[in-house]
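For chain A, the structure is supplied; the task is to place chain B on it using the hints.
Residue numbers (UniProt numbering), protein chains in the order written: chain A, 1 to 473; chain B, 1 to 473.
Certain hints may be false.
Copies of one chain are not kept apart here, so a pair can be met inside one copy or by any two copies together.
Only pairs whose alpha carbons sit at most 30 Å apart, straight line, appear in this in silico DSS-like list of lysine-lysine [unchecked claim]:
1. K364 to K32
2. K159 to K83
3. K29 to K96
4. K424 to K164
5. K358 to K104
6. K29 to K83
7. K309 to K159
8. K96 to K388
9. K38 to K291
10. K388 to K29
11. K364 to K104
12. K82 to K364
13. K32 to K83
14. K364 to K424
15. K29 to K364
16. K29 to K68
17. K291 to K190
18. K190 to K200
19. K190 to K364
20. K388 to K32
21. K326 to K265
22. K309 to K190
23. K388 to K190
Keep in mind that the hints were calculated from the coordinates and are not lab data.
Since the structure is predicted, the reported quantities are computational estimates derived from the model, not experimental observations.
2 protein chains.
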Amino acid sequence: MSRADKDLLSIQEARILVENARNAQFLVKDYKQSYLDKIINQLIDDITIELAHFVDMEVNETKRGCKKDKEWLLNTFLSQLKKELPNQQCIGELLKDSAGNILKVGVPLGVVVAFPSENNVVLNTLYSLIIGIKSGNSIIIIPDNQAYCTTIHIVNSVKNICEKYGLPVGCITCLESTSESGILEIVTHKNTSMIISAGKITNTTNTQKPMIYGGTGGTPVFIEHTANISNAVQSVIDSRSLDNGMLPGSEQYLIVEQSIASEVKKHFQQKGAHFLSEEEEHQLLNLLQPKNNGINPICVGKNARELAKMAHFSVEESTNILVSEKNYVHELDPFVNEMKCPVIAFYLEPDWMHACEKSIRLLKEKNNGHTIAIHSNNIEVLNQFALKKPVGRMIVNSPSSLASMGIDSTLSISCLLGGLTTGKGISAKNITASDLTYMREISHSIKCVEYTSRVEEESHEKMLEEILRKILA
Amino acid sequence: MSRADKDLLSIQEARILVENARNAQFLVKDYKQSYLDKIINQLIDDITIELAHFVDMEVNETKRGCKKDKEWLLNTFLSQLKKELPNQQCIGELLKDSAGNILKVGVPLGVVVAFPSENNVVLNTLYSLIIGIKSGNSIIIIPDNQAYCTTIHIVNSVKNICEKYGLPVGCITCLESTSESGILEIVTHKNTSMIISAGKITNTTNTQKPMIYGGTGGTPVFIEHTANISNAVQSVIDSRSLDNGMLPGSEQYLIVEQSIASEVKKHFQQKGAHFLSEEEEHQLLNLLQPKNNGINPICVGKNARELAKMAHFSVEESTNILVSEKNYVHELDPFVNEMKCPVIAFYLEPDWMHACEKSIRLLKEKNNGHTIAIHSNNIEVLNQFALKKPVGRMIVNSPSSLASMGIDSTLSISCLLGGLTTGKGISAKNITASDLTYMREISHSIKCVEYTSRVEEESHEKMLEEILRKILA
Numbered sequence: 001m002s003r004a005d006k007d008l009l010s011i012q013e014a015r016i017l018v019e020n021a022r023n024a025q026f027l028v029k030d031y032k033q034s035y036l037d038k039i040i041n042q043l044i045d046d047i048t049i050e051l052a053h054f055v056d057m058e059v060n061e062t063k064r065g066c067k068k069d070k071e072w073l074l075n076t077f078l079s080q081l082k083k084e085l086p087n088q089q090c091i092g093e094l095l096k097d098s099a100g101n102i103l104k105v106g107v108p109l110g111v112v113v114a115f116p117s118e119n120n121v122v123l124n125t126l127y128s129l130i131i132g133i134k135s136g137n138s139i140i141i142i143p144d145n146q147a148y149c150t151t152i153h154i155v156n157s158v159k160n161i162c163e164k165y166g167l168p169v170g171c172i173t174c175l176e177s178t179s180e181s182g183i184l185e186i187v188t189h190k191n192t193s194m195i196i197s198a199g200k201i202t203n204t205t206n207t208q209k210p211m212i213y214g215g216t217g218g219t220p221v222f223i224e225h226t227a228n229i230s231n232a233v234q235s236v237i238d239s240r241s242l243d244n245g246m247l248p249g250s251e252q253y254l255i256v257e258q259s260i261a262s263e264v265k266k267h268f269q270q271k272g273a274h275f276l277s278e279e280e281e282h283q284l285l286n287l288l289q290p291k292n293n294g295i296n297p298i299c300v301g302k303n304a305r306e307l308a309k310m311a312h313f314s315v316e317e318s319t320n321i322l323v324s325e326k327n328y329v330h331e332l333d334p335f336v337n338e339m340k341c342p343v344i345a346f347y348l349e350p351d352w353m354h355a356c357e358k359s360i361r362l363l364k365e366k367n368n369g370h371t372i373a374i375h376s377n378n379i380e381v382l383n384q385f386a387l388k389k390p391v392g393r394m395i396v397n398s399p400s401s402l403a404s405m406g407i408d409s410t411l412s413i414s415c416l417l418g419g420l421t422t423g424k425g426i427s428a429k430n431i432t433a434s435d436l437t438y439m440r441e442i443s444h445s446i447k448c449v450e451y452t453s454r455v456e457e458e459s460h461e462k463m464l465e466e467i468l469r470k471i472l473a
Numbered sequence: 001m002s003r004a005d006k007d008l009l010s011i012q013e014a015r016i017l018v019e020n021a022r023n024a025q026f027l028v029k030d031y032k033q034s035y036l037d038k039i040i041n042q043l044i045d046d047i048t049i050e051l052a053h054f055v056d057m058e059v060n061e062t063k064r065g066c067k068k069d070k071e072w073l074l075n076t077f078l079s080q081l082k083k084e085l086p087n088q089q090c091i092g093e094l095l096k097d098s099a100g101n102i103l104k105v106g107v108p109l110g111v112v113v114a115f116p117s118e119n120n121v122v123l124n125t126l127y128s129l130i131i132g133i134k135s136g137n138s139i140i141i142i143p144d145n146q147a148y149c150t151t152i153h154i155v156n157s158v159k160n161i162c163e164k165y166g167l168p169v170g171c172i173t174c175l176e177s178t179s180e181s182g183i184l185e186i187v188t189h190k191n192t193s194m195i196i197s198a199g200k201i202t203n204t205t206n207t208q209k210p211m212i213y214g215g216t217g218g219t220p221v222f223i224e225h226t227a228n229i230s231n232a233v234q235s236v237i238d239s240r241s242l243d244n245g246m247l248p249g250s251e252q253y254l255i256v257e258q259s260i261a262s263e264v265k266k267h268f269q270q271k272g273a274h275f276l277s278e279e280e281e282h283q284l285l286n287l288l289q290p291k292n293n294g295i296n297p298i299c300v301g302k303n304a305r306e307l308a309k310m311a312h313f314s315v316e317e318s319t320n321i322l323v324s325e326k327n328y329v330h331e332l333d334p335f336v337n338e339m340k341c342p343v344i345a346f347y348l349e350p351d352w353m354h355a356c357e358k359s360i361r362l363l364k365e366k367n368n369g370h371t372i373a374i375h376s377n378n379i380e381v382l383n384q385f386a387l388k389k390p391v392g393r394m395i396v397n398s399p400s401s402l403a404s405m406g407i408d409s410t411l412s413i414s415c416l417l418g419g420l421t422t423g424k425g426i427s428a429k430n431i432t433a434s435d436l437t438y439m440r441e442i443s444h445s446i447k448c449v450e451y452t453s454r455v456e457e458e459s460h461e462k463m464l465e466e467i468l469r470k471i472l473a
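So that you can see chain A by itself, here it is in the shape it has in the complex (with noise of 0.2 Å):
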């Protein structure tokens, strides 16, 4: 019988690989943090002079995104990152007593599936493999077709490099035939532990797995008049503009307390954003053409300048972002579509407070919200929005598209930004290793006098240090 149909060519590819995955981590999960920690360090050096080519590779191929931003990011990312991880214990003895009882053991899951994001390739496709590495667990990369080459590659090459540094075979893999039914087999098969995704899978699949979604979505910045005006919209537009608009975190709604409003606007308008008119504003909307939370795709990861000439008006060389200047937060307005471009919409509402209710809700019906991010240094004022706000995060006086991420920030570094808040996955927060673990505990009688001994302080302030690390770095 030598006919193959795609689609059981695929469904076979499914089953060997993830079959091949629970083998590889069978020995996996006998390693320890250190040695696997060593091996991700190897890779982080050795891939750092194979960056440029793969943001190349992406943006030719995917037509999205800006070269020069994706490298830095990427190198930036990837360093802080190297900073990080050797400080995260995820699996093996993670708390013993004076006595020598070992109290909690990270485990790893076993075989975790990831759907690497269309819009950030490389960053995407080598966090997820990091992390399944790290956590000791073994992991199937599902490219998505828009960036289907260079998914193939980047695992290939980190494969190759952790084979070479001691991972078994089978451990980091790639679906290559990607039909449907191939990723039904792969995300429903008995030795799949979880599923990340930061694609187009959702849990509208019944994978019966727990799933991990990496939101994207556009994020409401709020500017209140304590805020560094100048500060807040100089990061406002290197946050939004960074990789023409595509990262997760990235600020799409922004609402200005009416008493600073024209200076806001001075400061944008000084820093390189062009306001549109009415009828350019209708040209951009014909091209963007926003429905169903999303643009037209051509426009996805465009710069300022391509936007404008795409939609036939023209803008100085030096803009940055389009902003679309608005007198009311409404539910109709195409802008609250989700816009992985450098467009901003700028409410101008007078009770400024009720406009951030509405965003909000707006966000919330729409699913959309993972992010929020605010300038302001009123004690007060954030402390109201860090308690009442319905997101998973806060970014406070930065950058919301590297904060969230953790780049410079106090949050962890990540590109997954759990989307629990957008009605997707199980968890809101930045995902690490530690999330593609499970703990197992360990219950000692209290009332034996052999286990009373006092539990070691240096393990439990662990997430101390972890804060003070980053904040004191």
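Positioned in the frame of chain A, the structure of chain B alone reads:
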């Protein structure tokens, strides 16, 4: 149109419950942790006098379990829970720096739907409601048909008490028309945030929601030669016979190191265990009809004497467990099916470690392992087991059914033993109120000098304090 089909009525009820729950939660989300704690305190005080009546109802309705044990367990569990809950801060401000900036906030998920187990109805229903209230969620209970009246009665009692003390109407409810379509409506409703199942529903239903599964399943128990044999045996017997063997962490497979096997057997016999003859075992298996990882429902929660009588053989009046002695752990052994009654399989394999491996592989294959128990005073052996065994919790030198729930043990008090390692749900740990929340993290720039203030140490020592508090209590 006066016709109203039962399935549609059930769907209608489901929608109304979820919408009311959402509206009630909209109010509750502004309640402070201390206020909710006060309500729970009052609830536990007021409900305690009704426990005997609840248990009566449960055992009369389900015909399962032992009233005396259930009452004792409920009182013990609730009094320990009452002591522990005030130390858990799960919503609102969780962490602040010394400058007063809030860094972490706990947020209720919204509407939680719970399916209590049909085997520990009072305990499960009360605990689901209490952690729901503690975490600021609305909670909808779906009664199991086997325990329908009891469940509705308990929910109504709790609801009345809590509403008296300030919880809004709609926050605690119970689906009364439990058709399949009504249940499907409720678990897939867009306002439902999470499912807790200790009952029949599992993730084979595509709810598209995070699901916590409270595992059941037989626990293997190992007795190593350094154990205090008399204590170990007493512990296994007490635990296995408690509530006629229905508790989720109850011991089912006993594996003993050969050098002490005959001594262990002697102790078992002295302490009321009945070792089955070949014929009795045959009769018992005819009654239990073990298959598909379960037994004949009429045997669940019957005590040893009742089981013997039903199987037509006689045992002494003092008999508390029935023991099947086996030479080898074997996958076709009918005793590898889960048995919710006081029956134990006693394996005499000469190679102890090998037997352990085999029994665990069996559990793993049957997707049935969330807990193991071990009796040993050899710290090397304990730590080896802690590092290697693929379960969520390991119980040392204690009755597993109690210690796994955190009673007199260092684990968190909970009757929901996360079943991730059984392939169900998203968590392996003892489920507490915090698992019904997500954490909002606030990012401060680590470049801004004003935020480099040292983080309060106290907040970080919570985990330490918690364990110490239990150990030193």
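For K364 vs K424, is the C-alpha pair at or below 30 Å within one copy, between two copies, both, or neither?
Both: 13 Å inside a chain and 29 Å across chains, each within 30 Å.
Go through the copies and call it for K388 and K190: within, between, both or neither, with a Cα cutoff of 30 Å.
Classified as between; 21 Å across copies, 40 Å inside a copy.
Should K38 paired with K291 be assigned to within, between, both, or neither, using CA atoms and 30 Å as the limit?
Result: close neither inside a copy nor across copies, 46 Å intra and 47 Å inter.
Intra- versus inter-subunit Cα pairing at 30 Å for K309 with K159:
neither (41 Å within a copy, 62 Å between copies)
For K29 vs K68, is the C-alpha pair at or below 30 Å within one copy, between two copies, both, or neither?
neither (39 Å within a copy, 45 Å between copies)
Checking K364 and K104: alpha-carbon separation at most 30 Å within a copy, between copies, both or neither?
between (37 Å within a copy, 20 Å between copies)
Reference check for the pair K364 and K32, CA-CA at most 30 Å: within, between, both, or neither?
Cα proximity of K364 and K32: across copies only (23 Å, versus 42 Å in one copy).
30 Å Cα threshold - placement of K190 relative to K291:
Between copies, since 21 Å is at most 30 Å while 37 Å is not.
Pop the pair K29 and K96 into one bin, within, between, both or neither, using alpha-carbon distances up to 30 Å.
within (20 Å within a copy, 37 Å between copies)
Homomeric proximity label, K96 with K388: Cα distance no greater than 30 Å:
Between copies only: 16 Å across, 37 Å inside.
At most 30 Å between alpha carbons: which applies to K190 and K364, within, between, both or neither?
For K190 and K364, only the inter-copy Cα distance (12 Å) is at most 30 Å; the intra-copy one is 34 Å.
30 Å Cα threshold - placement of K265 relative to K326:
within (12 Å within a copy, 82 Å between copies)
Hints 4, 7, 9, 12, 16 and 22, counting from the list given before, are not met by this structure.
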